[in-house]
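Keeping their order, the protein sequence lines are chains A and B.
Numbering-wise (our numbering), the first sequence opens with residue 1 and increments by one.
Numbering-wise (our numbering), the second sequence opens with residue 1 and increments by one.
Do not take every clue at face value.
[To be verified] Here are the simulated lysine to aspartate or glutamate pairs, EDC-like style, with alpha carbons at most 16 Å apart: (1) B:Lys224 x A:Glu33; (2) B:Lys201 x A:Asp85; (3) A:Lys14 x A:Glu58; (4) B:Lys204 x A:Glu13; (5) B:Lys201 x A:Asp9; (6) B:Lys204 x A:Glu37; (7) B:Lys3 x B:Glu272; (8) A:Lys188 x A:Glu37; (9) B:Lys298 x B:Asp246; (10) B:Lys326 x B:Glu291; (11) B:Lys7 x B:Glu45; (12) B:Lys201 x A:Asp36; (13) B:Lys298 x B:Glu272; (14) A:Lys188 x A:Asp85; (15) B:Lys263 x B:Glu240; (16) B:Lys7 x B:Glu177; (17) B:Lys263 x B:Asp346; (18) B:Lys204 x A:Glu33; (19) B:Lys201 x A:Glu13; (20) A:Lys193 x A:Glu33; (21) B:Lys350 x B:Asp246; (22) B:Lys159 x B:Glu235; (23) B:Lys228 x B:Glu324; (24) B:Lys275 x B:Glu353.
Derived by calculation from the structure, the hints in this document are not laboratory data.
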Amino acid sequence: MKTIFERPDSMTEKVTHYCPGCTHGVAHRLVAEVVDELGIKDRTVGFAPVGCSVLIYEYMDTDYQQAAHGRAPACATGTKRVRPDLMVYTYQGDGDLASIGTAEIIHAANRGEKITVVFINNAIYGMTGGQMAPTTMPGQRTTTSPMGRDTGSVGFPVRVSEMLSTLATPMYVVRASLHSPYNIIQAKKAVRKAFQYQLDGTCFSFVELLSTCPTNWGITPTGSNKWLEENMLPYYPLGVFRTPEDDLK
Amino acid sequence: MAKLLMKGAEAIGEAAIRAGCLAYFAYPITPQSEVAEYLAKRLPEVGGTFVQAESEVAASQMVYGAAGAGVRVFTSSSSPGVSLMAEAMSYMSGSELPAVFVNIVRAGPGLGGILPSQSDYNQATRGAGHGDYHFMILAPATVQELVDWMIKAFPLSEKYMNPVMIMGDGLIAQMMEPVDFDSVKAEDIIEVESWATTGAKGRKRNLINSLFLDPLKLEEFNHKLAAKYQRMAEEDVYYEKYLMDDEPALIAVAYGTTARIVKTAIDVLRAEGMKIGLFRPISLFPFPKVELREESAKDHVRGFSVVEMSNGQMLDDVKWATLERKPVGFFSRNGGIVPNPEETIDFLRKEYERTGA
Chain A
1 MKTIFERPDS MTEKVTHYCP GCTHGVAHRL VAEVVDELGI KDRTVGFAPV GCSVLIYEYM
61 DTDYQQAAHG RAPACATGTK RVRPDLMVYT YQGDGDLASI GTAEIIHAAN RGEKITVVFI
121 NNAIYGMTGG QMAPTTMPGQ RTTTSPMGRD TGSVGFPVRV SEMLSTLATP MYVVRASLHS
181 PYNIIQAKKA VRKAFQYQLD GTCFSFVELL STCPTNWGIT PTGSNKWLEE NMLPYYPLGV
241 FRTPEDDLK
Chain B
1 MAKLLMKGAE AIGEAAIRAG CLAYFAYPIT PQSEVAEYLA KRLPEVGGTF VQAESEVAAS
61 QMVYGAAGAG VRVFTSSSSP GVSLMAEAMS YMSGSELPAV FVNIVRAGPG LGGILPSQSD
121 YNQATRGAGH GDYHFMILAP ATVQELVDWM IKAFPLSEKY MNPVMIMGDG LIAQMMEPVD
181 FDSVKAEDII EVESWATTGA KGRKRNLINS LFLDPLKLEE FNHKLAAKYQ RMAEEDVYYE
241 KYLMDDEPAL IAVAYGTTAR IVKTAIDVLR AEGMKIGLFR PISLFPFPKV ELREESAKDH
301 VRGFSVVEMS NGQMLDDVKW ATLERKPVGF FSRNGGIVPN PEETIDFLRK EYERTGA
């Protein structure tokens with residue numbers, strides 16, 4: 001009998017703790033599949049964030065370090081600089097990367113650290129119970145923006161991919177989404193390309209993955225996919241923002 | 001080897017290299033930016049790594065990442081910068097990572113001043129960050145000691161799988177003194193494959209982590225840390241006794257720069273016939289409690305006199321260690337002012353008379 005679908009070798013057998021409809025599991029799987037396909041499992045070190053995905057180290061069967069909130073790009077810098085042969089990536093949510101860790105992500109990108117960053121943007125704080133994130137949409141209701149995000153007092157959502165793209169350092173920056181099978185296939189290609197750039201020692205690589213949080217959005221899983229498409233896609237356009245090939249032209 | 005005349009801050013950098021530490025992450029801050037300047041030039045010559053971080057927060061987290069990868073690594077800073085490293089200090093203690101931190105203390109609080117101070121004693125010995133943890137804290141008094149303790153700090157941090165901090169001040173970092181880099185033998189790093197994230201080749205994956213969602217497991221870990229600190233107190237307490245062999249009536253207690261001035265003052269007062277000795281803690285954590293307590297029980301000891309560049313931080317430890325069996329006097333200069341020998345002599349003379357020694 002031919003096996004057509006199985007657990008990636010780079011994942012453990014542990015059942016994830018994620019809520020129904022959450023896209024973290026999909027994102028984890030994409031990373032694990034890429035690690036398998038590139039044959040880098042025995043030289044990969046991941047950095048876990050603080051947030052819902054803090055326990056990613058329980059699910060990934062590679063060496064892992066857990067980083068303080070927002071600091072993963074600095075921690076990853078430390079590891080990659082002293083052991084450049086390792087494949088080093090961070091996996092961070094939007095509270096972690098786009099709020100408390102803004103300085104660390106910008107400077108790791110600007111130094112051109114040869115690391116890969118997987119950035120999960122679901123427009124909300126998940127683990128702490130659905131508070132407003134820097135990426136929360138205008139008018140979006142959260143527990144700390146109960147009347148909806150008021151852009152007049154808290155500003156507009158931060159577009160991290162666009163912000164990083166203003167840096168002069170050559171890098172790979174892409175935004176993909178996990179709200180449909182087609183988009184997941186595109187996201188996988190982006191993750192694979194990002195890791196390939198690191199494998200080749202080319203540049204800093206950054207993959208933003210638009211994700212859903214049905215529990216804290218208060219919407220069903222399928223409704224969440226639709227909400228992402230209707231609300232997030234117009235504000236967070238998908239596509240490749242930077243490639244080192246273009247940068248080095 | 002012949003002695004080299006070197007500034008303390010540069011000697012810190014060179015000593016790290018001699019210790020086999022080829023990774024340094026830092027953010028500039030007075031009065032120790034020369035460590036980074038020295039290593040920015042020197043590390044590339046020996047195949048090492050230096051990254052100027054965007055902040056002390058990031059520098060200390062780079063140390064976390066590099067230590068987790070199983071290499072010797074250190075950072076240096078001064079008081080306001082060390083405050084920003086509190087987060088990484090807590091995480092590294094919780095993840096049991098070996099590394100060396102250097103704090104060249106300047107006067108505070110806040111932006112304070114850039115001149116020498118000892119006002120970070122509590123921050124260092126009690127732990128700047130959250131949670132129940134300690135660093136081992138070592139306080140050299142000369143540039144030679146700075147070099148020696150830098151070289152010894154790495155194997156000590158590996159022995160305990162716990163960060164070690166070297167605590168000095170602007171005087172030691174800025175002063176030039178002759179140093180011998182071979183006075184202490186460097187030791188090789190211990191085996192790291194069993195715990196470091198070096199890539200899981202031919203072994204199970206390794207995890208660097210301080211998260212324990214099960215309170216019973218976290219409690220067990222807290223107890224493990226407590227046992228570790230107890231072991232430090234049994235095996236790695238360091239101090240110097242100066243003129244303590246002839247049953248001195250008064251014992252001055254001071255560390256680092258201040259201890260040097262106290263020695264000068266004691267020499268002067270000894271010439272006047274006053275039997276004063278100096279007890280100089282070198283390991284501030286673990287504090288030489290047992291040794292000081294023994295002194296406090298001796299009949300010939302009539303009092304203790306603490307001299308510090310703070311409002312009395314080590315003073316609390318001296319009172320605790322001696323059980324205040326004898327009067328504990330205190331003299332300090334603050335704000336970045338180093339006590340001069342004259343005022344220190346005056347203080348110790350009055351102490352000597354006050355305690356009826």
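Structure-based check of each hint:
no., hint, verdict
1, B:Lys224 x A:Glu33, "38 Å, violated"
2, B:Lys201 x A:Asp85, "13 Å, holds"
3, A:Lys14 x A:Glu58, "7 Å, holds"
4, B:Lys204 x A:Glu13, "14 Å, holds"
5, B:Lys201 x A:Asp9, "14 Å, holds"
6, B:Lys204 x A:Glu37, "20 Å, violated"
7, B:Lys3 x B:Glu272, "35 Å, violated"
8, A:Lys188 x A:Glu37, "11 Å, holds"
9, B:Lys298 x B:Asp246, "12 Å, holds"
10, B:Lys326 x B:Glu291, "15 Å, holds"
11, B:Lys7 x B:Glu45, "20 Å, violated"
12, B:Lys201 x A:Asp36, "14 Å, holds"
13, B:Lys298 x B:Glu272, "23 Å, violated"
14, A:Lys188 x A:Asp85, "23 Å, violated"
15, B:Lys263 x B:Glu240, "11 Å, holds"
16, B:Lys7 x B:Glu177, "7 Å, holds"
17, B:Lys263 x B:Asp346, "14 Å, holds"
18, B:Lys204 x A:Glu33, "19 Å, violated"
19, B:Lys201 x A:Glu13, "19 Å, violated"
20, A:Lys193 x A:Glu33, "13 Å, holds"
21, B:Lys350 x B:Asp246, "21 Å, violated"
22, B:Lys159 x B:Glu235, "11 Å, holds"
23, B:Lys228 x B:Glu324, "28 Å, violated"
24, B:Lys275 x B:Glu353, "11 Å, holds"
Checked against the numbered hints above, the structure violates hints 1, 6, 7, 11, 13, 14, 18, 19, 21 and 23; every other hint is satisfied.
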